[in-house]
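J.: Please build the complete structure, drawing on both the sequences and the hints.
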Amino acid sequence: MTSESGMTSPPDAGAGLPADDGAEPVPAGSPSSGARVLVIDDEPEMQRAIRTYLAGLRFSIEGALTGGEGMALVARWHPDIVILDLSLPDMDGLEVCRQLRAWSQVPIIVLSVRSGDADKVAALELGADDYLTKPFSSRELVARVRVALRHAARGAGAGGTDARFETGALVIDFGLRRVTVDGKPVHVTPTEYEVLKYLAMNVGRVITHRTLLQAVWGPHYETEDHYLHVFIGQLRRKIEPNPSRPHYLLTEPGIGYRLRAPD
Amino acid sequence: MARRQPPARSGLPDRRLEGIIGRMPYIVRRPAIPSGPRASLWPRPLARLDPRAQHRLRLLLGYASAVAGVALASGCIGVILRFVRFSNISLLYLLVVLWLAAVFGRGPAIAASILSFVAYDFFFIPPLHRLTIGNPTEWLSLTALLATSLVLGQLTAAAQARARDAVESEQRTATLHALSQLIVAEMDHEALLPALAARMVDVFSAAGIGACSIILADEHGQPVERALVPARDPFAWALSLTARERFAEAAWALQHGSAAGRVVPAPEDEPIATDERVVLYVPLRSARGVVGVLGIAGTSRIRALVAGLSAARTLGVPGTPVGSPTDPQVVLFAAFCYQIALALDHIELQQRAIHTEALRESDRLKTALLGSVTHDLRTPLASIQAAAGSLLDETIEWSAADRRAFAETIETSAERLSRLVSNLLDLSRLEAGVAVPDKRWYPFGDIIATVLDRLDLAGRTTGRQIDVALPEDLPLALLDHAQMEQVLTNLIENAIKYSPPESAITVRARVVEPPRELEVRVSDQGIGIPAGELNAIFDKFYRVEHVDLPWDSGRPPTGTGLGLAICRGIVEAHGGRIWAESAPGRGSTFIFRLPLPDSEPRVTLPPIGAEPAQGPASPAELTGASR
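The listed protein sequences derive, respectively, from chains V and P.
Take 1 as the starting number for the first sequence in this note's numbering and just add one per residue.
Take 1001 as the starting number for the second sequence in this note's numbering and just add one per residue.
Derived from the structure by calculation, the hints contain no laboratory data.
It is possible that part of the hints are untrue.
Heads up, incomplete: computed chain P residues facing chain V, CB under 7 angstroms, no partners named [said to hold, decoys possible]: (1) G1445; (2) L1470; (3) H1481.
Quick list of in silico lysine to aspartate or glutamate cross-link-like pairs, EDC-like style, CA-CA up to 20 angstroms [stated by the list, open to error]: (4) P:K1439 x V:E252; (5) V:K134 x P:D1456; (6) V:K197 x V:D173; (7) V:K134 x P:D1426; (8) V:K134 x P:E1415; (9) V:K134 x P:D1453.
Covered stretches of chain V (in silico footprint by chain P; criterion: 3 or more residues with CB under 8 angstroms from a CB of chain P, positions within the stretch not fixed) [claimed, not checked]: (10) 40-46; (11) 187-193; (12) 223-233.
Even for Gly, the Cβ is constructed at its ideal location relative to N, Cα and C.
T.: Printed below as a string of structure tokens:
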């Protein structure tokens, strides 16, 4: 496991939001124990279910029933991760996402009822890290929470200076611009390298097609999803032990791609 | 189907008639209203004339032939008499008379009789070249000649007429019979109406009909053209309902049950027609009343045809109907109209029967559906309630194992409920046509990987070997990824359920053509499906009954019975088809094919750094691909 630094305090809340007072010091150590989870969902049953399960794993839980209440709690309580339902009574979940991202980098997992990919894609492009479709199993929820927390820890600590990325047998050496699988070097084109690099720097997060296209190919590329599919297929043939069952370059169907996070 | 061919447009050669009198070049016409499809053996230009003119021409020809025949016979007699003395040589004239009676009818025969009488008297009875008769016995033979030729002529003509009538009558019967058979044979009413119109044109083309249309009433009682034959004939344009007057006439005929029509000018670009053009809309009546309208366009002779219809007031066409209701052609036309009306009746009743049957079937399905759904929803709910209630019962001390068992029951039942609800919703949406696939270009390999990953996560594939075989160059397919994931999930779960744990399941995809399609096969080596049920398994709520899984004696397979119905709904909504192949005891393969449009995008993203320095170029331009 890579080393994890302690959580740094979030930046000062912007104007108009309550000042940070009375907050308890965040315990150091593994982010999975004692980490603060804020659940923003208007259904009490869902609140109770998530709370009960996560509390059993020694997370510390708070709940908010509306978007406004949720944002206030983010500012006041400084959760380590926010679970946000997209359908809220007072405002659109996407709006909450957008506003939060304006002043906070807290990991956000959005929940939605299965109704197509559009709202999930929108949430991810507004800055959410991952998504879950209701109904979901508690196992899935915990797995994603853990991944998101690990990513946040890595991001906060690394600051982009990590020279090496490793997940499973896949190693990307940023300094040497070299990719190896099982120690054996793999020849990738510069474009393929950039794609891998972007996904690695956002490991564990779901990157939408559009985000990946624009990050690697530029702002004029938005909807060439099908091109991307074939491109990723070619890349998989280079780095995956079994290209038809990808292990590293994972598809989020209809949404985007992500790189498997190290265990 | 063996049936007598009705007269074709060019007319049925009248073999019977020819048999009687040898190979005659012309067909006799009764000197009344011309009738029947007989004109074919006329030389073409003559056939186009008005029958009255034809008739006159024939008579002329007949009399001319009489003269010529008598002259010829006289010449022959003269020659023969030079060498041999026959006393009955005058009988040669009889041959001429008989021939004329057979071919041209009474008039020329009588003329020939008299002429031969005169000729024989003049040329061969002394004193020669005089009309007087020296020998009184010669009078007798002359008179006998005249009488015989007159009588024989009449008899022959009468026999001829009767024979022809019989043949015509038989032909009309055959025509009607063929029409009825056509109606009975042609189940598809979309094809029947044009066939009827075509038959009408065929049979009555000699009566002047050039084009025919069948018009029915829509739900507001307005005329709607349902067949127009022939589509490209110059007469056909005259019938088109797009012209306001035509529409009004057809509507009038429909409403009032009387024929309506008018003389129509020929279009300007057409070569001069010799006949004026008439359009008539004739109501078609059955026992139910007016069931439709028959539009006919042709020469002005067609006015004669409507004389046989009851309440025939022909509106808008100058002059009263010229035909007589007893003319066989008119009778035939009326019979045709009645048959068509009956056919329309038949179609209507058939459609009502189908509709009623569909309603009945739908009701039956709804009842079955409700029964099934109620049971399937209540059962897991009951389990959940029981387990939760037990857990909450404070009077009983449950062991940890018990509590675990209850919790598992709740989880399993909740999952079952969840799947049933999902399936029901999906199926309802598919049936309502609301689940329109959101098609995008997608690699099918990704769908397989996603589904297998999900099933792995849910623990359904533990211990199962699932092989995936895909060609490396499998093209992108145009599909809704969420729906296709569902199809594949259902198929793979079925394969898992109905095959022994140690057997392998295979998923294959490839391109087949023609036409170009993506074919996906999911195969297992399980219990298989009996041949008779290969179609039924795709029905809603079809569940396998009395199935023993040889490797799992405990539980019968459970399922909602909706999985394959949903698969079929989705595959068909994509324009594809799905079916199963199986050998009981050896395994099953489920196969579906999706259309692969040729417009698959040519796929290249440029290497980065290759962007043009100036302005936003369209990426499609850069890669030269078409969307």
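J.: Let me make sure I understand: some of the numbered hints might not hold for this structure. Which ones are they, in numerical order?
T.: Violated hint: only 10; rest satisfied.
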